[in-house]
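> Model the full assembly from the supplied sequences, consistent with the hints where possible.
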Amino acid sequence: MEILFYHTARVLSMESPETRKKDLCEFYHRLLCPRVAALVVALREDGKPNVMPVAWHTPVSVRPPILAVCISPSRYTHSLILKNKEFTVNIPDLSMKDAVEITGSKSGKVFDKSSIFKFTPATKVNTPLIDGALASIECELNQAIDIGDHSVVFGNVVACQASGFREVWKGTSPLLHLGSNFYTVIKEGFLR
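Position one of the sequence shown corresponds to residue 1 (full-length UniProt numbering), numbered consecutively onward.
It is possible that some hints are incorrect.
Simulated restraints, written as ranges between beta carbons of each label pair [as the list claims (entries may be wrong)]: (1) K118 <-> C25: 36 to 44 Å; (2) S74 <-> N126: 23 to 31 Å; (3) V62 <-> S107: 32 to 40 Å.
The hints are simulated quantities; they were obtained by calculation from the structure and are not laboratory data.
As the structure is a computational prediction, the values presented were derived from the model and not from experiment.
All C-beta atoms, glycine included, are put in the ideal place defined by N, C-alpha and C.
Structure, rendered in structure tokens:
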């Protein structure tokens with residue numbers, strides 16, 4: 001895998017096994033990487049789309065289809081999802097890496113992120129999809145449960161779109177998040 005870009009990250013302490021274990025537990029979630037990067041879109045009060053990158057997302061049910069996204073309640077996107085009762089999840093490719101970084105570094109409360117992407121109408125919800133995304137998932141809010149410092153936001157999947165996908169990604173690769181501002185893509189082939 002090729003690392004695309006990097007921003008400062010804390011180096012784990014090597015002073016003692018106890019200190020190292022404590023430091024490692026602080027970053028336990030990075031042991032689960034890479035994860036597919038996703039862009040969550042929710043509508044602002046003025047009707048413009050707000051975009052937030054997330055890596056903490058997972059399907060939690062196939063029948064009915066339900067997707068979980070973990071978002072801190074302090075994030076602007078969290079309040080928009082609770083208010084509008086819907087959101088979309090969009091899977092970026094390598095060409096969107098700079099936009100992913102920008103949207104992750106600025107709050108939609110003070111920065112209009114709608115100018116960073118082009119959008120296309122969704123088929124089942126009012127929140128738009130990101131034009132050019134490898135895949136888009138339209139969700140209606142099922143519930144949000146606060147747990148620790150995040151909320152698990154459950155969305156009922158009501159529609160999906162994808163390009164270049166036939167049971168697995170072929171010929172293209174979603175942007176993979178490695179933690180902090182590390183990203184990568186799969187460049188060649190797949191293991192079977």
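> Now tell me, hint by hint, if it's right for this structure.
For each hint, the structure was consulted:
| no. | hint | in the structure |
| --- | --- | --- |
| 1 | K118 <-> C25: 36 to 44 Å | holds (41 Å) |
| 2 | S74 <-> N126: 23 to 31 Å | holds (25 Å) |
| 3 | V62 <-> S107: 32 to 40 Å | holds (34 Å) |
Checked against the numbered hints above, the structure breaks none of them.
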